[in-house]
Amino acid sequence: MNEAITLKKNRPLVEVRGVCQTYDKGSAGKLIVLDQVGLTLTSGEIVGLLGRSGSGKSTLLRSIAGLIQPSQGEITFEGAKVTGTPDGIAMVFQSFALFPWLTVLQNVELGLEAQGVSPAERRQRALSAIDLIGLDGFESAYPKELSGGMRQRVGLARALVVHPKVLLMDEPFSALDVLTAETLRTDLLDLWSEGRMPIESILMVTHNIEEAVLMCDRVMIFSSNPGRVVAELRIDLPQPRNRQDPAFRALVEDIYARMTARKEPGSPARDGVFPGTGIAMILPRVSTNLLSGLMEAVAAPPYNGHADLPPLAASLQLEIDDLFPIAETLQLLRFAELVEGDIQLTAAGKRFAESEVDARKQLFAQQLAAYVPLAAHIRRVLDERSGHKAPARRFRDELEDHMSEEYADQTVRAVISWARYAEYFAYDEESDLFTLDNPV
Amino acid sequence: MIFQPHNRSSQSDAAALARGRIAPNIYDLIAFAMLAALVMLLARGAADMRAPADLLSTSPVTLDIGNLPEYALRTTLRMFAAIIVSLIFTFVVATLAAKSRRAEMVIIPALDILQSVPVLGFLTFTVTFFLGLFPGSQLGAECAAIFAIFTAQAWNMAFSFYQSLRTVPADLDEVSRGFGLSAWQRFWRLEAPFAAPGLIWNTMMSMSGGWFFVVASEAITVGNTTVQLPGIGSWLALAIDKQDFKAVAWAVATMAVLILLYDQLLFRPVVAWADKFRFEQTAGQEKPRSWLYDVLRHTRLIKIAGLPFSWVWQRAMLLRLGRRRIVEPTPSPLWLAKALDYLWLAVIIGVALWGIVAAINYISQTLGWHDVFEAFSGGLVTLLRVILLIALASLIWVPIGVWIGLRPAIAERVQPLAQFLAAFPANVLFPFAVVAIVATGVNPNVWLSPLMVLGTQWYILFNVIAGASAFPSDLKEAAAVFRIRSWSWWKNVILPGIFPYYVTGALTASGGSWNASIVAEVVSWGNTRLEAFGLGSYIAKATEAGDFPRVILGIAVMSLFVTLFNRILWRPLYVFAERRMRLN
Chain A
7 MNEAITLKKN RPLVEVRGVC QTYDKGSAGK LIVLDQVGLT LTSGEIVGLL
57 GRSGSGKSTL LRSIAGLIQP SQGEITFEGA KVTGTPDGIA MVFQSFALFP
107 WLTVLQNVEL GLEAQGVSPA ERRQRALSAI DLIGLDGFES AYPKELSGGM
157 RQRVGLARAL VVHPKVLLMD EPFSALDVLT AETLRTDLLD LWSEGRMPIE
207 SILMVTHNIE EAVLMCDRVM IFSSNPGRVV AELRIDLPQP RNRQDPAFRA
257 LVEDIYARMT ARKEPGSPAR DGVFPGTGIA MILPRVSTNL LSGLMEAVAA
307 PPYNGHADLP PLAASLQLEI DDLFPIAETL QLLRFAELVE GDIQLTAAGK
357 RFAESEVDAR KQLFAQQLAA YVPLAAHIRR VLDERSGHKA PARRFRDELE
407 DHMSEEYADQ TVRAVISWAR YAEYFAYDEE SDLFTLDNPV
Chain B
18 MIFQPHNRSS QSDAAALARG RIAPNIYDLI AFAMLAALVM LLARGAADMR
68 APADLLSTSP VTLDIGNLPE YALRTTLRMF AAIIVSLIFT FVVATLAAKS
118 RRAEMVIIPA LDILQSVPVL GFLTFTVTFF LGLFPGSQLG AECAAIFAIF
168 TAQAWNMAFS FYQSLRTVPA DLDEVSRGFG LSAWQRFWRL EAPFAAPGLI
218 WNTMMSMSGG WFFVVASEAI TVGNTTVQLP GIGSWLALAI DKQDFKAVAW
268 AVATMAVLIL LYDQLLFRPV VAWADKFRFE QTAGQEKPRS WLYDVLRHTR
318 LIKIAGLPFS WVWQRAMLLR LGRRRIVEPT PSPLWLAKAL DYLWLAVIIG
368 VALWGIVAAI NYISQTLGWH DVFEAFSGGL VTLLRVILLI ALASLIWVPI
418 GVWIGLRPAI AERVQPLAQF LAAFPANVLF PFAVVAIVAT GVNPNVWLSP
468 LMVLGTQWYI LFNVIAGASA FPSDLKEAAA VFRIRSWSWW KNVILPGIFP
518 YYVTGALTAS GGSWNASIVA EVVSWGNTRL EAFGLGSYIA KATEAGDFPR
568 VILGIAVMSL FVTLFNRILW RPLYVFAERR MRLN
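Listed in order, the protein sequences are those of chains A and B. Taking my numbering, the leading residue of the first sequence gets 7, the next gets one more, and so forth. Taking my numbering, the leading residue of the second sequence gets 18, the next gets one more, and so forth.
None of these hints come from the bench; they were simulated from the model. Please note that a few of the clues may not be correct.
Computed Cβ-Cβ distance ranges for the label pairs, DEER-style [stated by the list, open to error]: (1) A:His312 x B:Asp358: 55 to 65 Å; (2) A:Glu436 x B:Trp506: 44 to 54 Å; (3) A:Pro308 x B:Trp506: 45 to 55 Å; (4) A:Gln121 x B:Leu277: 41 to 51 Å; (5) B:Asp491 x A:Thr186: 25 to 35 Å; (6) B:Val364 x A:Arg399: 47 to 57 Å; (7) B:Val364 x A:Thr186: 52 to 62 Å; (8) B:Ala354 x A:Pro125: 19 to 29 Å; (9) A:Gly24 x B:Ala354: 52 to 62 Å; (10) B:Asp491 x A:Gly140: 48 to 58 Å; (11) B:Asp491 x A:Asp327: 22 to 32 Å; (12) A:Ser392 x B:Ser394: 39 to 49 Å; (13) B:Phe390 x A:Arg399: 37 to 47 Å.
So these bits of chain A aren't anywhere near chain B, every CB distance computed over 10 Å [to be verified]: (14) Asp93; (15) Ile95; (16) Ser101; (17) Glu119; (18) Ala253; (19) Leu338; (20) Gly393; (21) His408; (22) Ser423.
Straight-line C-alpha distance at most 30 Å; calculated DSS-like pairs for lysine-lysine [claimed, not checked]: (23) A:Lys87 x A:Lys171; (24) B:Lys116 x A:Lys87; (25) B:Lys558 x A:Lys150; (26) A:Lys356 x A:Lys395; (27) A:Lys150 x B:Lys293.
Each residue gets a CB set at the ideal place from its N, CA and C atoms; glycine is no exception.
With these hints in hand, go ahead and build the complete structure from the sequences.
Printed below as a string of structure tokens:
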């Protein structure tokens, strides 16, 4: 008996070897989303894929589900190569992905219907899945009548009813409020530890570090642009885990440090954050309100200019996907430094936090001119032209030689919003023109 | 143009699709040429089929009140036959366009042009063609009438369905693929339900428009062939011929009853039912209601009667028709795909060129440059009429619509009335206008014009009402708090707020007016005949004379005008409205 369980525990279910995923960008070459990713998922474990947006973790999940074909490398499920969408793997979505025109029961039955299961058996199996997941009484409700938590329960029941061996979860709790998410996590962990679900292994994508430490036996940390596995951590804390436990906190801290670590020790830290160099750097759209808000928060007590990221994120109620782009933009603008999971304001950052509006704008414009090559480039072109006007299209085209259309658009928009705040140059959406004349 | 069920998200999808189709491109030209060739072929074929003129004289239409219910029924049946054909067309053609890139290259521009082709212009060939197809039976004439209604409704339905298929939510697509739904299951579980609200709304709007064409197409004269199908349209034509005022009044009343029944027994229940397919995860918003739907839902007998159907349906869902989709098809080498693309493009350009040459040849056999000039100047006059009348109707109905829309209690009662009026075939009312013009002796060139917007102005009204009703109350309150009044209120608050709705309404009204010009620029009452100079009367006269080359020329010119008018004015406005004046 015991032997059987250990045997089951060590069986490799999914194996990912050397998977690359690239997208063709036309003339600009290829955009690498996943770069040589390897992973083994064995039965009896919950594995978390942790990384920021753009790290390709969702892409990897979809490749395992057979929804997309990797450009290179191999994925096997129970020894067989994944070509179509294999039976035995089911998925739970961040957006729940429920069919609004089907009732809870019909939504849960959908996968069985696709397998050609007869209506009577379908109903019986669906009802027991609904029962298991705590949805009794909601069978005839439509998704729009349910709260987010209940909807994700439907998503879970729908995945479980087809008796999968592997359950893939794509940020399953990130669309829920804090309380609901916690309840769902606990319920899922209970079902898992009591062995009441037919699944043998769970692979979940998350960008919530605490969630990963709370639920997973193993965490793979992804870097972004391109997505690579940069670290793998085994988490041996016994379940149920306590967030206040010092060992738990230490793990969270450790992961933060690893995620803010410089990619290569030799490279200049600041410019290495965003992919691309010079004007071709892909910039995130971060509002100047968030930038100044974070600087003020770090400047104020108790941090006084130097903050540890995990408690800062917790007190500001920001997840890493929200916090990191802000912090890294500050780093790009030399308002702050990110070191080993800590953020420290530079002299300019401290000055900014203490200044009034006009001085702030001036300071921001200086940093923009000095450290954001695209902004300086646009300004230079505007200065050179006699009419001080230049079509934004021109710069977008220029960027598209180096990046995809969406990234070019995003980057230009980011620069526009920063330049508008700093009154560095103006932009007119109607005519799509950059100008120097600010409305007086 | 696609009608939107006042659902903002799908409207923005439509705008996104429309944005790509503003500047006329090579595909528009190709589509245009191909259609011209097709029409020309049809005309030639039709000319060869000499249909017997006395075909339908065996059971002539009479002005006997006792016959009116039967006529009404037959008119309605024609409508339903057309709607079924349109649905089949939609499912086949739109699905093809959504699934095959090469088919899409031809189908979408073709649909776009077809939307601008005057429906009644077609009648000339189709009547002759179908009469020749079924010699000696009424079936040919029936087919021609049904085809006329079909051409009035199929295009926008197909567009709506295509647009939905192209915008199926990515996560639901992934679920369907993850579970390995077959193509058949995927269609019925994902694609058809997702497309349902838009398609149903478009079907209903098309049907409203269809009444106009069924009336116009039942009694028609092409050259020496006169067709009178038993129906309200023929009744009306006869009444006009005999100058029987009472019979015209009866036709109006019957039409009103028919549309009322259609609204209550079909339109509303179906819209109420389709509400569950709306792709919004949130509850709230006002639900469309229908007493009949409520009754049906609560009737046990209906449920029991429906059981066998639901059993069959459930079994049908288990069918595994269609290959299970395996990831993405392995792409063929890039050069091969490119080469095939060019080959395909060469083929369609070749066909189009041939079409242009053949059509020009055909027309130039009998017509010269002065005819082209005549058609174009007629087109300009009709264009002027459309612009002036839409502007006039907007001036009248926008303020009224805003006033009504901001008062929910009134809007609730007026809105169905406006929709009813939009569905009412205005051509039934034409005789009254003729009598009035003759009696007062005013210039028909001016006074026939209002007939063109008689039926279509209501689209402006009910869209504006919908827009004003949906205007957010916080903005209303903000305007009140800051005392924004009079012109400033109109300019800065309400006009931008209703603009997207107004554009939809005006666009529909303008399209309808072009179509209506064919019956509105030439009207008669007994032997009295009034005529206004314009492209509509040009086509109408050519039809009557059975002069096919002139009809083709007229249709081509009108399609050109409508297409350019849409591209230059309406579509940019539509895109602008979506980009700048969205309220959410």
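Which of the listed hints are broken here?
-> Numbers 2, 6, 8, 9, 10, 14, 15, 16, 17, 25 and 26, in rising order.
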